[in-house]
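Q: With the sequences and hints as input, model every part of the structure.
Protein chains in written order, with this note's numbering: chain H, 1 to 167; chain Z, 1 to 424.
Bear in mind the hints are in silico, worked out from the structure with no lab data behind them.
Do not rely on the hints blindly, as some may be mistaken.
Computed spacing ranges between beta-carbons, pair by pair [claimed, not checked]:
no. : chain 1 : residue 1 : chain 2 : residue 2 : range
1   : Z       : Asp117    : H       : Glu64     : 21 to 29 Å
2   : Z       : Gly155    : H       : His47     : 40 to 48 Å
3   : H       : Pro31     : Z       : Phe67     : 17 to 25 Å
Glycine included, every Cβ here is placed at the ideal spot set by N, Cα and C.
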Amino acid sequence: MESEIWNMKTNESMLTAEEKHKIDEAISIVPYKKAACIEALKAVQSHRRWISDDSLKDIAAYMEMSSEELDSVATFYNMIYRKPVGRHIILLCDSISCWVMGYENIRTAVMQRLKIKYGQTTLDDRFTLLPNPCLGTCDHAPALMIDNDLYRDVRVDQLEEILDRYA
Amino acid sequence: MDRPLTEHIREDKRPLALKDYEKVGGYEALRKVLKGMTPQAVQALVKESNLRGRGGAGFSTGLKWSFVPMDAPKPKYLIVNADEMEPGTFKDRLLLESTPHQLIEGMIVSAFAIQADQSFVFLRWAYKEAAKNIEHAIHEAYEAGYLGKNILGSGFDLDMHLHTGVGRYMCGEETALLNSLEGKRATPRAKPPFPQVSGLFGRPTIVNNVETLCCIPHIVNKGATWFQKLSLTSDAGTKLYGVSGKVKKPGLWELPMGVTVRELIEEHAGGMQDGLKFRGALPGGASTDFLTADHLDVKMDYPSVAAAGSRLGTGTMIVLDDKTSVVGFVKNLIHFFAQESCGFCTPCREGLPWIEKVLNAIEEGEGHKEDMKMLDLHTKLLGPGNTFCALAPGAMEPLQSALNYFRADFEQYIKEQKAAMAMV
Chain H
1 MESEIWNMKT NESMLTAEEK HKIDEAISIV PYKKAACIEA LKAVQSHRRW ISDDSLKDIA
61 AYMEMSSEEL DSVATFYNMI YRKPVGRHII LLCDSISCWV MGYENIRTAV MQRLKIKYGQ
121 TTLDDRFTLL PNPCLGTCDH APALMIDNDL YRDVRVDQLE EILDRYA
Chain Z
1 MDRPLTEHIR EDKRPLALKD YEKVGGYEAL RKVLKGMTPQ AVQALVKESN LRGRGGAGFS
61 TGLKWSFVPM DAPKPKYLIV NADEMEPGTF KDRLLLESTP HQLIEGMIVS AFAIQADQSF
121 VFLRWAYKEA AKNIEHAIHE AYEAGYLGKN ILGSGFDLDM HLHTGVGRYM CGEETALLNS
181 LEGKRATPRA KPPFPQVSGL FGRPTIVNNV ETLCCIPHIV NKGATWFQKL SLTSDAGTKL
241 YGVSGKVKKP GLWELPMGVT VRELIEEHAG GMQDGLKFRG ALPGGASTDF LTADHLDVKM
301 DYPSVAAAGS RLGTGTMIVL DDKTSVVGFV KNLIHFFAQE SCGFCTPCRE GLPWIEKVLN
361 AIEEGEGHKE DMKMLDLHTK LLGPGNTFCA LAPGAMEPLQ SALNYFRADF EQYIKEQKAA
421 MAMV
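A: Set out below in structure tokens:
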């Protein structure tokens, strides 16, 4: 019932068949719908890069929860993006081993090269830069990730070549 | 020297496929257990082996299992905590990426021991390679009849699911992990009830670390006495030890439990980089107290590191050298903990950012003598007993030990930076 009310408020749900399929799969392994809401956020984000207010409402309706409740979950987790992000996301490890090994040089170089600060996206929508806690590869510090790719023992002089791989 | 957890890992670190894992004795422990052991016998064996949790707390694994009510109706859950995110810790990544079947076999045997019928791998989002390999290995295990209904004709059923997280250090805390798996914010739960009785979805649940569960098949195959004898000390087994920081060869090694700090740094990590001196190390991740040059002969096992005033934690050490600022080092750690606080309880939510501000001020030449008292006070206010979970007390461990061992560094910063600022 609740979902119908939400659907009325937000018109028709904009979730795609593929997104719904992924969400249904996640729902099938938990005892009640709401428990799969993080999986639902992940599923939609994987198609749309980030979770807009409209997406949030659609997902909440589908999961039979209020969008406020879903937002309380979405905003808790740093890998759910509630603001637009670029085509590629650079996650720079800023934790202790990388700090000892001089990640700050990498940070400065990336910021200068892309002309963005943490939390910002390049004007061409190509990169978003975010600080990130320990990536778990401390014997190869400093480290960073771009999308699904992990880069280790990163040197400033490699950055240009690394960034060039992402269109 | 036996290295049961890592001996079959390929040089290129690519995962062992099912048939390769079976060739080196894989899933024999599962066959043995399902053919001729009761769940109680498996629990007794693991208790006798003296295996202690490798996630940091060091609790007896067999004892933990024994709190699960055996007559409780299903579902019951077995969860592996693969949310490795303690800064400076990179040990479970190797096992997850390179020997997924070893973990899965350990999980199935452990699930049998507590009679769980549902299992989850709670994996950190950043471990993309591990996710791919585990997903594939779970699929292979289902195909081979090691997972699903009536496993190997024994009548035992177990399902396994991979859940990749969406960030936050808090998810590594056992009860916060359960909340996250239930689709909630990862805030910790009050104990009791303990998860063994009322965990995921209110059902009996065991949460174990990756390295812990990887030990299980070997204990079943070779026995409790063999496992105890792997160690150099009273703690059983081998341990994955790591060293990061400015040493010549940072790395990760499976070694007998109880090697010394000195052996790790000087032999395995090749000593300090040229021109640098060892000043201290966090022995087991960001939330452990510093050890210093006076502790180089401390054995890296649970009681010995505790006697030296710290914790074995995850056994992955972060080294502090003499050219790295102690204040900056501690500030980096506190920044992490302040950022990762779930905000649920006041001392942690308010105290950690306050400490970070004070450290920042000291570093930027705005420090005052009174700040030292403020920092000392906070190590008590955020210490054990004053917060809802172990995050803030863990954060205080490197701070309190730095204030103890390296106090002059902080004071010198306050004195000299003030002077330097006055000159300008």
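Q: None of the hints should be skipped; say for each whether it holds.
A: Hint-by-hint comparison with the structure:
In this structure the supplied range 21 to 29 Å holds for Asp117 of chain Z paired with Glu64 of chain H, their Cβ-Cβ distance being about 27 Å. A hinted range of 40 to 48 Å for the beta carbons of Gly155 of chain Z and His47 of chain H is consistent with their spacing of about 42 Å. In this structure, Pro31 of chain H and Phe67 of chain Z meet the distance hint of 17 to 25 Å, their C-beta atoms being roughly 23 Å apart.
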